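Chains A and B supply the protein sequences, listed in that same order.
Using this note's numbering, you'd call the opening residue of the first sequence number 1 and step up by one each time.
Using this note's numbering, you'd call the opening residue of the second sequence number 169 and step up by one each time.
Keep in mind the hints are simulated off the structure, nothing from the lab.
Quantities reported herein were computed from a predicted structural model and do not represent experimental measurements.
All residues carry an ideal CB built from backbone N, CA and C; glycine is no exception.
Mixed in with the good hints there might be a few duds.
As the list claims (entries may be wrong) - Listed next, the stretches of chain A that the computed footprint assigns to chain B, with coverage defined by at least 3 CB atoms under 8 Å from CB atoms of chain B: (1) 46-54; (2) 93-101; (3) 104-113; (4) 117-126.
What the hints assert, rightly or not - Here are the simulated DSS-like pairs of lysine-lysine, each with C-alpha atoms no more than 30 Å apart in a straight line: (5) K449(B) x K63(A); (6) K439(B) x K460(B); (7) K439(B) x K88(A); (8) K85(A) x K937(B).
As the list claims (entries may be wrong) - Just a sample of chain B residues kept apart from chain A, beta carbon distances all over 12 Å, derived: (9) R211; (10) Y223; (11) A229; (12) E271; (13) F595; (14) D673.
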Amino acid sequence: MKHLKKLIFLLLICSCFSFRGTHKFYLSVTNAEYVEESSSVQLITRIFVDDFQKLLQTRYDSKVELLRDQDLAVNNAYIEKYFRKKLKINTHNQDLKLNFIGKRYEDDLIICYFEIEKVREFSSVKITNLLLTDLFEDQKNLVHFEKHGETKSLLFVKDKPTDVIKFD
Amino acid sequence: MNRKYFKIAITFIFAMASVTVFAQDTPEKEEAKQGHTNTNKFRQLYQEFATPNQYRTASGAPGPAYYQNTADYDMEVVLDDKNQKLYGEETITYTNNSPDKLEYLWVQLDQNIRAKDSKSELQNGNGISEVNQTGRFVSQFIEEPFDGGFNIEKVTQNGSPLNYSINQTMMRVDLPKVLEPGDDIEFSIKWWYNINDHVKNRGRSGYEFFEKDGNYAYVIAQFFPRMAVYNDVEGWQNYQFWGDGEFALPFGDYKVKITVPADHILDATGKLQNRKNVFSKTMMNRYEQAKKSFDKPVVIVNQKEAEKAEKGFSNRTKTWEFEANMVRDFAFTSSRKYIWDMQNVKIGNREVMAVSLYPKEGNPLWEEYSTKAVAHTLTSYSDMTFDYPYHKAISVHAKNQGMEYPMICWNYGRPNEDGTYSERTKFGMVSVIIHEIGHNFFPMIVNSDERQWGWMDEGLNTFLQFVSEQKFGKRFPEAIAPLENYPSRRGEPSKITNYMKGNQDFISPIMSNPEQVHQLGNNAYGKPATALNILRETVMGKEMFDHAFKIYSKRWMFKHPTPEDFFRTMEDASGMDLDWYWRGWFYTTDFVDIGVEDVKSYYVTDAPTKAGKEMLERYGVEDPSQVDALYVVEEDSDEFTSAMKSKSTEENAPKLKSFMMDNFTEQERQNMTIPKHFYQIKFNKPGGLVMPLIVEYKYKDGTSEKMTYPAQIWRKNDKEVTRVLATNKELESVIVDPDMETADVDTANNSWPQKKESNEFEKFKKEKKND
Chain A
1 MKHLKKLIFL
11 LLICSCFSFR
21 GTHKFYLSVT
31 NAEYVEESSS
41 VQLITRIFVD
51 DFQKLLQTRY
61 DSKVELLRDQ
71 DLAVNNAYIE
81 KYFRKKLKIN
91 THNQDLKLNF
101 IGKRYEDDLI
111 ICYFEIEKVR
121 EFSSVKITNL
131 LLTDLFEDQK
141 NLVHFEKHGE
151 TKSLLFVKDK
161 PTDVIKFD
Chain B
169 MNRKYFKIAI
179 TFIFAMASVT
189 VFAQDTPEKE
199 EAKQGHTNTN
209 KFRQLYQEFA
219 TPNQYRTASG
229 APGPAYYQNT
239 ADYDMEVVLD
249 DKNQKLYGEE
259 TITYTNNSPD
269 KLEYLWVQLD
279 QNIRAKDSKS
289 ELQNGNGISE
299 VNQTGRFVSQ
309 FIEEPFDGGF
319 NIEKVTQNGS
329 PLNYSINQTM
339 MRVDLPKVLE
349 PGDDIEFSIK
359 WWYNINDHVK
369 NRGRSGYEFF
379 EKDGNYAYVI
389 AQFFPRMAVY
399 NDVEGWQNYQ
409 FWGDGEFALP
419 FGDYKVKITV
429 PADHILDATG
439 KLQNRKNVFS
449 KTMMNRYEQA
459 KKSFDKPVVI
469 VNQKEAEKAE
479 KGFSNRTKTW
489 EFEANMVRDF
499 AFTSSRKYIW
509 DMQNVKIGNR
519 EVMAVSLYPK
529 EGNPLWEEYS
539 TKAVAHTLTS
549 YSDMTFDYPY
559 HKAISVHAKN
569 QGMEYPMICW
579 NYGRPNEDGT
589 YSERTKFGMV
599 SVIIHEIGHN
609 FFPMIVNSDE
619 RQWGWMDEGL
629 NTFLQFVSEQ
639 KFGKRFPEAI
649 APLENYPSRR
659 GEPSKITNYM
669 KGNQDFISPI
679 MSNPEQVHQL
689 GNNAYGKPAT
699 ALNILRETVM
709 GKEMFDHAFK
719 IYSKRWMFKH
729 PTPEDFFRTM
739 EDASGMDLDW
749 YWRGWFYTTD
759 FVDIGVEDVK
769 SYYVTDAPTK
779 AGKEMLERYG
789 VEDPSQVDAL
799 YVVEEDSDEF
809 TSAMKSKSTE
819 ENAPKLKSFM
829 MDNFTEQERQ
839 NMTIPKHFYQ
849 IKFNKPGGLV
859 MPLIVEYKYK
869 DGTSEKMTYP
879 AQIWRKNDKE
889 VTRVLATNKE
899 LESVIVDPDM
909 ETADVDTANN
919 SWPQKKESNE
929 FEKFKKEKKN
939 D
C-alpha cells in the first residue's frame with residue numbers, strides 16, 4: 001500500500017518534464033479539407049501507433065492490438081467511437097458526424113481517415129480536439145484545416161481543447 | 169551608325185532579355201521604394217557568426233590558442249538497495265588550462281531538479297481540468313512532493329571546509345586562492361540522495377521496481393556533483409538544468425569504486441579493474457570466450473542464473489572498480505536481475521566489446537537484437553566519423569526511456585509478458601539502441617554543449633542514426649523482412665513537411681535553446697537530421713558531404729565545438745559556400761515550396777516580329793533589315809501560323825541556315841543539331857527557403873531528362889525565375905522535385921500542366937473500396 005501511494009504521486013510530479021535522450025513526444029496531426037464539389041469534410045489524422053494502442057487498451061480493452069497486417073472490425077469500432085468523442089467539428093452550431101473510412105500504417109504512425117458528409121457551406125468552424133489527452137497530459141494536437149485553398153492551423157492541448165477558425 | 173555599334177547593341181539587348189521579363193510585371197506608377205540593407209539570402213553569415221579568433225579559426229578548426237579545462241574524479245559510491253539511496257564521496261582535480269584567473273568554480277547538481285523546492289515545475293504554466301483522476305488530483309494538490317535532490321554533506325580542500333553557495337542546480341565553490349592559468353586544484357564533496365523511480369516519473373536516471381519478484385534495476389546517472397564547463401565561448405556554462413537542455417561537461421579521467429549487494433551484476437563507464445574479484449570462475453571463462461567471438465554474443469550471465477539470483481537478496485556487498493580516461497561523464501547500472509552478453513567487434517585495427525544487460529523481461533527480444541545493434545552501430549558510425557576510441561559500448565534495458573552516457577546507455581523496447589512483441593516494439597528498440605550508442609560519437613566524444621544547442625548532438629546523431637538504420641536493413645535483410653528498407657522514423661524529407669508547414673506560432677528555428685522551443689522532437693532531432701540528409705544527398709552529394717563531415721568529426725574529437733565550428737568546417741572542407749543553407753534551414757523557420765507556373769512555346773523566324781521591331785526601336789534601330797537578328801513567335805500569339813509548327817527551324821529562318829553554311833564546315837554542321845522547340849519555363853517559389861531547382865522534363869516521345877539548377881538560381885530574384893529549354897522533342901510535362909527530395913511542403917504546384925491530383929484522402933478511399 002505504501003508503495004502504491006508512492007507510485008501514484010511519482011506518476012504526477014514529473015508528467016510535465018521529459019528526461020530523455022531520444023525524446024518521446026506526444027503529438028497528433030490532423031489534415032482536414034472542405035471539399036466543395038462533394039460538400040464534405042475529409043479528415044486524415046496521424047498518431048503514434050504505440051500511444052494510440054495504449055489508449056485503446058486503457059480505455060476499452062486491454063487486449064486491443066493495432067497490427068499492420070490486421071483490420072479487425074472491433075478495433076475499427078473503437079477507433080470511430082473514440083474519435084467521435086474526442087474530435088468534434090462544429091459548424092452552424094452543430095456537431096458534425098465523423099464517418100470512419102479506414103486506417104493504414106506508416107512506420108510508427110497510424111493514419112486514420114474520416115469523412116463528414118453533407119456539410120453546408122460555412123464561414124467558421126469550431127474544433128474541439130482532445131485526442132489522447134485523457135492518457136497523456138502533454139499531448140499536443142495539431143489541425144491544419146483547408147478550405148478553398150486557404151489553410152489555417154491550430155494547436156490544441158488539454159487545457160485549451162477548443163478553438164474557432166474563421167474563413168474569409 | 170557603323171556595324172560595330174549595332175553588334176554591341178544587339179548583344180546588349182539579348183543579354184537584357186531575361187531581365188525585361190520581370191521588369192514588365194512592375195506596375196508603372198508606384199511610389200518610390202525606400203532603401204534597404206542587404207537582405208539577399210546568399211549574403212554571408214557575418215552578423216550571425218561569432219568573429220573567428222585564436223581559439224576558433226575562420227576555417228572551423230580549433231585555433232592555436234584553443235584550450236579546454238579538465239576535471240578528474242576519484243569517487244567511492246555506495247548503493248543502498250534496501251532504501252533506494254545513493255551515497256558518495258568524490259575528489260575532483262580541476263585543471264585550469266584557460267588564460268584566465270578563476271576566483272570560483274561552478275559545480276552542477278542535476279539531482280536538484282527533483283528537490284522539493286525545485287523551480288523546474290514552476291516554470292511551466294498549468295490549468296485545472298474539468299474532470300480529474302482522483303489519484304492525480306491528490307498528488308497534484310495534496311501530497312508532499314518526492315524528496316529528491318542532493319544532500320551536500322561537506323565540501324573540503326585538504327580537510328578544511330570550502331565556502332559554497334547553491335543556486336538551484338548549480339553550486340558555486342569559492343576558492344581561498346585564485347586558480348591561476350595552468351594550475352590545478354583538488355577538492356572533495358560528500359553527498360547522498362534518494363533515488364527516484366524513473367519509470368513512473370520519467371527520469372533519465374533512477375530505478376525500476378519489479379513488483380513480481382520485489383527487485384530493483386538501477387540505471388544511475390547525473391548522480392554526482394559534476395564540474396561545469398569553462399570555455400572561451402560561455403565563460404562558465406552555468407545555465408540552470410530545467411529538464412530539456414541536457415548537459416555540458418569537461419573531459420577528464422575517472423577512478424570510481426561502486427559498492428553494491430554481492431548478488432548484483434554491474435557495469436559502468438570505464439575499464440573494470442578488479443574483474444577477478446567480482447566475476448565467478450564461470451563468468452571469467454565465458455568472458456574469455458566472448459573476447460574471441462566476433463560474429464555473435466556470448467552469454468556471461470544467462471537467464472537461468474539471473475532468475476535464480478532474483479529470488480535471493482544478499483546482505484554482503486561487492487565493490488566494483490572502474491577507470492576511464494578522456495570521458496566527459498560516468499554512469500552505471502546495477503541489479504541482481506541482469507542477464508549479460510557481449511561480443512567483440514573489429515573497428516579498424518582496434519577491438520571493442522559490444523555489451524548488453526537486461527532483465528528477463530527484455531527477452532526474447534534483447535538476446536536477439538541488442539548486442540547485434542550495438543555492434544552494427546559501432547562500425548557504421550565509425551565509417552562516417554573516426555574509429556570508436558573506447559574499449560566497450562553497453563546497451564542496458566530500461567523500460568521506457570532512451571538515454572546516453574560515455575560507453576553506456578539505457579534503451580527501451582519491452583516485449584509483452586508472454587514474450588511476444590510487435591514489429592513496432594522491435595524496430596523501436598533497434599532504433600533507440602542505434603541512437604543512444606551513436607551518442608558516444610556526438611556528444612560524448614565530439615563534445616558539444618547540449619545545454620545550449622540540443623541539435624548539435626541530437627540532430628547530427630539522428631542524421632547518422634538514419635544512415636545507420638538504412639545500412640542495418642541492407643546488412644540484415646532477414647531482420648526487416650518483409651519490408652525492403654528499414655522503417656526509419658526520421659530523416660526522409662517527406663517526413664518533415666507536416667512540421668515545417670505548420671503554424672509558425674509553434675515552430676522555432678533550429679538555432680534555439682532546447683528550453684524555449686515548442687516541439688523539441690522536431691526542432692532538435694527531426695528537422696536538423698532531415699536538413700543534413702538533404703544536404704548530403706541533394707545539395708553536396710555523398711562524397712563531398714562525407715569527406716567534410718569526417719573532417720569535422722576528427723577536428724573536434726575530444727574537444728568542444730560550437731555550431732559555427734560545424735558550419736565553417738563543412739564549407740572549408742568541401743569548397744562549397746553553404747551560408748545560404750545554414751541561414752535558411754538553421755536560423756529561420758522558412759519552408760520549401762517551389763513550383764512551375766507556366767510554359768510558353770516559341771518558334772524561331774528571321775522575319776521581324778511586331779514585338780521584335782518594337783524592341784529594336786527602343787534601342788534606336790529604325791530599319792530591322794540592317795540588323796542581323798532572329799526573332800521568336802510565341803505559339804499563342806497572332807503572328808504564329810500552324811505552318812511554322814510543321815517546318816524545321818532552318819526552314820522558318822533561312823537566315824540561320826545561311827549563317828551556319830557561312831561559318832561552319834559541312835563536317836562541323838553534321839555534328840550540330842538545330843533545336844526546333846524553344847520553351848520558356850517560369851518557376852516560382854512561394855516558400856522562403858532557397859533550394860536547388862530540380863526539374864524533370866518529360867517529352868511526348870516518352871523520354872525524359874532531369875536537370876538540377878543550383879540553389880544560386882534564386883540569388884537575384886527570390887520569387888521567380890525562367891529558363892529556356894531548347895530541344896528537338898515536343899514537351900509534354902514539367903515536374904519540379906520529382907523524387908520528393910527537397911521537403912517541398914506543397915506539391916500541388918509542382919507540375920505543368922497542372923494536374924488535378926486526386927488527393928491523399930480520395931486515393932485511400934478508392935483503394936479501400938477496391939479491397
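Outcome of the hint check:
no.: 1; hint: 46-54; in the structure: holds (count 3)
no.: 2; hint: 93-101; in the structure: violated (count 1)
no.: 3; hint: 104-113; in the structure: holds (count 4)
no.: 4; hint: 117-126; in the structure: violated (count 0)
no.: 5; hint: K449(B) x K63(A); in the structure: 45 Å, violated
no.: 6; hint: K439(B) x K460(B); in the structure: 18 Å, holds
no.: 7; hint: K439(B) x K88(A); in the structure: 58 Å, violated
no.: 8; hint: K85(A) x K937(B); in the structure: 26 Å, holds
no.: 9; hint: R211; in the structure: 30 Å, holds
no.: 10; hint: Y223; in the structure: 29 Å, holds
no.: 11; hint: A229; in the structure: 28 Å, holds
no.: 12; hint: E271; in the structure: 33 Å, holds
no.: 13; hint: F595; in the structure: 7 Å, violated
no.: 14; hint: D673; in the structure: 7 Å, violated
The earlier numbered hints that this structure contradicts are 2, 4, 5, 7, 13, 14.
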